[in-house]
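Student: Sequence:
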Amino acid sequence: MPRPPLSLSDYRAAIGREIGRSDWVLIDQPMIDAFAALTGDNQYIHIDPVRARESPLGGTVAHGFLTLAIIGGLGPKVIPPIEGTKIGYNYGFNSIRLVTPVPSGSRIRAIFIAKGAEQRAPGQVTLTFGVTVEIERRIKPALVAEWLTLMVSE
Numbered sequence: 017m018p019r020p021p022l023s024l025s026d027y028r029a030a031i032g033r034e035i036g037r038s039d040w041v042l043i044d045q046p047m048i049d050a051f052a053a054l055t056g057d058n059q060y061i062h063i064d065p066v067r068a069r070e071s072p073l074g075g076t077v078a079h080g081f082l083t084l085a086i087i088g089g090l091g092p093k094v095i096p097p098i099e100g101t102k103i104g105y106n107y108g109f110n111s112i113r114l115v116t117p118v119p120s121g122s123r124i125r126a127i128f129i130a131k132g133a134e135q136r137a138p139g140q141v142t143l144t145f146g147v148t149v150e151i152e153r154r155i156k157p158a159l160v161a162e163w164l165t166l167m168v169s170e
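Position in the sequence shown counted from 1, then plus 16, gives you the numbering used here.
If a hint is listed, it holds; no wrong ones were tucked in.
Ranges of calculated distance between the beta carbons of each label pair, as one might list FRET restraints:
no., residue 1, residue 2, range
1, 136, 29, 16 to 22 Å
2, 89, 64, 23 to 29 Å
3, 46, 26, 39 to 45 Å
4, 107, 23, 16 to 22 Å
5, 58, 26, 41 to 47 Å
6, 59, 103, 32 to 38 Å
7, 170, 42, 35 to 41 Å
8, 136, 33, 19 to 25 Å
Everything labelled a hint here was simulated from the structure, so no lab data went into it. Every residue, glycine too, gets a C-beta built ideally from N, C-alpha and C.
Start from the sequences and build out the full structure, keeping to the hints where you can.
Tutor: Okay, structure coming up:
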């Protein structure tokens with residue numbers, strides 16, 4: 017359930033702090049296979065458990081872009097909207113690092129840190145989030161990124 021809206025000044029006051037943390041999400045082989053079918057990325061490390069076991073990874077892993085794509089669904093569930101805005105659009109990334117492969121059967125979650133808010137035009141604000149995607153029971157994250165969203169009031 018989305019959190020109550022924040023004023024833009026409250027969001028700016030939160031810069032540098034955690035603003036949202038998702039629930040754990042299971043990344044299983046059917047999800048990985050569906051993503052492979054959708055994107056055409058059928059590399060064996062993603063879809064062939066037998067062959068992938070022989071690789072240095074020791075089994076199948078999620079596509080890095082699958083891990084990245086999941087952010088778009090998790091963010092709106094846990095990041096509070098800005099008061100007066102009606103919709104948020106994915107505006108891109110300043111940086112993305114795929115740090116650790118996500119093994120099939122793992123659970124991940126995303127942690128969002130408020131990093132910036134820029135008024136672009138009347139009724140438009142670009143929000144910047146630091147995003148870390150953690151893998152349950154792993155020290156290193158799966159992904160670290162700086163994500164931009166465009167919040168629009170009209």
